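As a plain string of letters, each chain reads:
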Amino acid sequence: MTLSFWLPLAILLSSLIPGVLIFLLAEERHRTRTALNLLGAVTKLILVGVLIWGVFHEQVFETRWALAPGLDFVLQADALSVLFVSLSTLLWLVTTVYAIGYLENSPHRSRFFGFFSLCVTATVGLALAGNLFTFVLFYELLTLATYPLIAHKGSAEALRGARIYLGYTLVGGLLLMIGAVWLHSLIGPVDFVQGGMLAGHGQLDPGVLRWIFLLLILGLGVKAALVPLHGWLPQAMVAPAPVSALLHAVAVVKAGAFGIVRVVYDVYGVEFAAGLGVLDLLAAVAAATIVYGSFKALSQDHLKKRLAYSTVSQVSYIVLGTAILGPLATIGGLVHLVHQGVMKITLFFAAGNYAESLGIHRISEMDGVGRRMPRTTLAFTIGALGMIGIPPVAGFISKWYLGLGALQAGVGAWVVPVLVASSLLNAAYFLPILYRAWFKRPAGSWPAERPHAAGGELPGALLWPPLATAALSLLAGLFAASPFSPLEWAQLIAAREYRP
Amino acid sequence: MNDWLLLLPIFTPLLLVALAHRLSGRGWLLLAAATMGATGLLVDEGVSLDLPWLLLGTQLQLDATGRLFMIYGSLIWMLAVLFFPSSPEVGAGPGGGRHAFLLALGGNALLLMAADMLTFYLGFALMSLSAYGLVVGRSQRGRRAARIYLIFTLIGEMALFAALLLIASESGSLRFADLSGQTLPSLAVALLLLGFGIKVALPGLHFWLPPAYGTAPLYGLAVLSGPMMKAGLLGWLRFLPTGISLDPVWGQTLLLLGSLGVALGILLGLLQVQPRAVLAYSSIAKMGLISTLVGLSLSQPTLAPLLLPAVLAIALHHLLVKPMLFLGLGLWQRGVGRSWTLAGLVLLALSLAAAPLTGGGAAKVALDGVLDGRLGGLLLFSGIGTTLLMVRFFWLLRHYSSRPAGEVERGPGAGWLLLLPLAVWGPLQPGGIPLTLHGLGPLAAGLGLALSSMAIHRWCLPHLRRTDLRTFPFAGWTLRRIRLHPSAVTLPTPHWRTPAWLRWRSPKLFSRKDLATTTAPALGWLLLMLTLLGALALTRIFHTAA
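Top line first, the protein sequences correspond to chains F and Z. Take the first sequence: its letter number 72 is residue 154 in the numbering used here, and every next letter is one higher. Take the second sequence: its letter number 134 is residue 319 in the numbering used here, and every next letter is one higher.
It is worth saying that the hints were derived from the structure and are not from the lab. Fair warning: this is a prediction, and the values are worked out from it, not measured in the lab. Each hint should be verified, as a subset may be incorrect.
[Claimed, not checked] Only some residues are given here: those of chain Z computed to face chain F with a beta carbon under 10 Å:
(1) THR243
(2) TYR306
(3) VAL321
(4) ARG328
(5) PHE346
(6) LEU349
(7) GLU355
[Unchecked claim] FRET-style restraints, in silico, Cβ to Cβ:
(8) Z:TRP189 with F:HIS139: 28 to 36 Å
(9) Z:LEU193 with F:ARG292: 55 to 63 Å
(10) F:VAL102 with Z:TRP189: 49 to 57 Å
(11) F:ARG523 with Z:TRP238: 36 to 44 Å
Note that beta-carbon positions come from the ideal geometry of N, C-alpha and C, so glycine has one too.
All chains, please: the whole structure from these sequences, using the hints.
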């Protein structure tokens with residue numbers, strides 16, 4: 083067995099093994115737990131570095147086991163999976179550091195970090211899945227691994243949020259499964275092939291294929307929070323801040339969006355799907371979600387809820403980019419997969435810091451917080467400006483390519499206005515927060531201020547993660563044209579997907 | 186090696202922002218502003234720097250236009266630094282506006298040297314958005330003004346974003362060099378007019394300007410009215426294809442909007458009771474004139490190569506004079522050296538009104554030489570109007586009896602005086618300042634009109650007051666109260682109700698507190714004369730455009 087067989091598996095195991103070990107660990111052994119967590123995260127980062135290098139040079143990485151005749155468990159690494167794997171690995175490391183700081187001295191940490199590792203294992207499995215069967219497997223695992231994380235606090239509100247989440251995602255998973263099985267029964271194993279595998283099966287009934295597409299998208303759309311399947315996401319904000327951060331930036335929401343990308347590009351093939359006429363519907367839903375999410379965000383006073391609706395809106399950029407035919411739109415959608423991740427995780431880290439250090443949960447309590455916590459607020463500011471799409475933060479690059487792609491595909495007449503409207507709405511719900519934080523005077527006392535031992539605004543484990551991800555979102559935009567930037571990688575994927 | 190110097194004026198301010206919380210005093214702000222001028226002076230024209238890894242491939246280049254804007258602009262940025270309070274004020278945002286100042290400075294330098302569209306857009310966005318921190322004042326009105334500024338700026342940004350997308354998608358290149366000689370999609374041209382039109386305050390897009398200029402702190406006002414406003418003009422010069430024929434409707438639209446701006450600025454400016462507001466509307470008028478000239482060069486491409494240098498001269502002159510007037514007003518109100526402040530203000534006003542033997546006059550001579558009789562009516566109207574505005578400015582100024590100066594800082598006054606000669610007699614023209622009396626006409630006519638209206642105010646009004654004016658048509662509306670100066674302004678009871686859909690902007694446009702309103706007959710008479718003249722000028726414009 084060679085490196086090309088073991089590498090995808092090793093990447094998966096680098097979080098699975100620490101996860102299992104942490105479950106077995108006694109609650110009070112936090113040093114060992116921290117060491118395991120960080121060891122796993124760093125190992126995974128190194129392995130993914132090797133993977134990136136290999137995939138860039140078009141090496142083939144595949145782990146394949148036959149579970150039953152015609153039913154293979156396949157892990158493989160193509161350019162698209164590398165994009166998602168590197169995002170989740172990098173942000174997992176950052177979030178682990180943050181979670182260690184955030185959950186200091188709180189109960190049930192073994193349970194938390196165990197499921198946390200499982201959650202990441204499932205996400206990485208999704209990213210590396212080489213066929214639809216493996217994808218569905220990890221998709222369900224992700225649903226189950228995330229439930230205890232959302233319910234972690236154990237309060238009635240947390241349990242309710244988690245139950246709503248489970249209800250939505252189980253139904254979504256079921257729809258996905260039906261679609262996958264239906265497709266499997268028609269054409270056998272559904273491998274992910276660059277350029278799509280259905281184009282080779284010309285004899286299939288297009289009507290049936292449309293129904294299957296609808297089922298798959300409905301199943302994936304629940305996690306991607308497409309309107310009207312988004313209801314669980316604002317409820318899930320009861321989760322602890324690190325979970326929300328991971329949920330919105332990497333794990334659940336992104337899994338849905340990534341699945342849609344997979345189905346459109348590597349199962350149906352984007353040109354074939356456009357021929358079926360299913361992409362127009364998808365684009366319309368995405369556009370509606372973008373505008374609807376922004377509108378809902380406007381009226382939220384709860385900071386994390388506003389961020390949640392912002393996610394609803396922003397993740398649909400990815401779907402929109404996928405649903406527009408043409409390499410430029412593909413680049414825009416794929417690069418936003420990364421950009422939205424780093425920007426949104428920054429915002430949730432900052433929101434967690436406000437809650438942790440001053441007890442601020444609502445936007446109306448944020449007056450003058452910039453003076454009290456300048457570094458956290460700086461990170462929040464960069465993330466928010468990126469969401470609006472102000473250059474040079476990464477979000478601008480996504481919007482630029484989406485707009486160019488829409489014009490290239492001849493749908494600029496409605497997509498560009500949607501992008502502009504979304505930017506203005508984003509400004510309308512983010513800029514007042516920044517105004518409050520930087521320009522208003524503090525109201526006198528904070529809701530629940532916690533004393534800190536150090537003179538700084540927060541312990542380093544809470545302060546550095548948002549600063550690091552804010553720097554990443556700035557650098558990803560500023561150096562978009564440099565080698566190995568998210569943009570360059572998205573261009574690589576688009577070139578391979580549209581390879582004649 | 187020389188080309189890397191281009192990064193200096195961009196990175197110095199941006200690096201200083203990162204260190205700003207450790208630095209005190211104003212010297213380092215001055216340093217940041219000075220690097221821009223130094224780069225403009227030291228680096229050779231045409232030097233360019235390619236940074237293909239930055240953004241989506243950035244190219245910087247120092248061309249003749251950008252260089253002039255950098256040199257003169259940096260003087261205003263430096264002068265503005267002197268007007269920062271020595272210790273940060275409370276409530277003026279983080280760092281008392283210092284962060285915003287540095288960010289805006291970096292953005293300004295970036296856009297002046299940008300040789301591709303995205304870099305220009307980045308600089309423009311950085312400058313315009315961080316200027317929020319320069320506009321926002323401590324009062325409720327100041328915050329409101331800053332909010333309006335921000336809304337307009339964001340709309341402008343979005344219009345530019347869409348325009349850039351259209352252009353990039355059409356031409357496939359982001360470089361300005363590849364852009365010249367290409368026809369633009371007409372929607373993109375419209376969006377460019379909108380996006381940059383907000384910055385140069387075309388009529389209808391100007392609503393942000395009077396409140397922002399009315400409440401911004403002096404340091405913000407100086408850079409806002411000088412270097413930043415001219416960035417909108419530079420945007421047009423960079424993006425719009427000059428020298429090749431465009432659909433003539435765009436040139437004419439700009440021509441018309443610009444002339445409306447002249448009329449609006451002058452007519453509304455005369456009604457103001459705050460000296461700052463008079464200057465603000467004068468900015469609208471002047472930028473209107475500049476827009477008209479850009480419009481003319483678009484509709485007559487053959488004229489463009491001659492016309493644009495003249496436009497540039499006027500713009501540079503305004504870039505220097507207007508902030509100097511605002512800052513001089515600030516000094517006057519602080520009670521700093523009253524006699525020489527007044528003398529300086531008079532010189533600046535004369536220069537703005539294009540009096541002979543001043544820099545403004547020289548720019549006017551050059552312009553008249555190129556135009557050769559075109560737009561004559563508008564130029565006459567604008568000349569007379571500017572003179573009247575300046576008279577109005579001084580008329581109002583006398584009511585601002587300065588407070589007895591306690592502890593007065595010397596820095597601002599000294600810097601202002603140092604820059605005064607350059608502002609009055611600059612920008613340096615190749616031929617020097619011509620020794621002619623050309624351009625005395627509008628000035629004399631304006632002064633004559635002003636004197637006549639003062640005479641009416643002095644001698645005719647007492648008689649008029651005794652007669653029952655309500656028998657005259659409109660008289661009850663216009664001559665309700667005779668109020669000419671702010672100390673006497675009271676709020677007259679409104680006798681018509683503003684329709685609801687207009688009311689949201691009524692405080693900006695029609696606030697009775699800020700206007701001498703239509704209640705002053707002397708002003709009313711002036712306005713009537715000017716309107717007639719304006720109508721005359723407009724017919725001439727249509728003639729030219731057709």
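Unsatisfied constraints (hint numbers, rising): none
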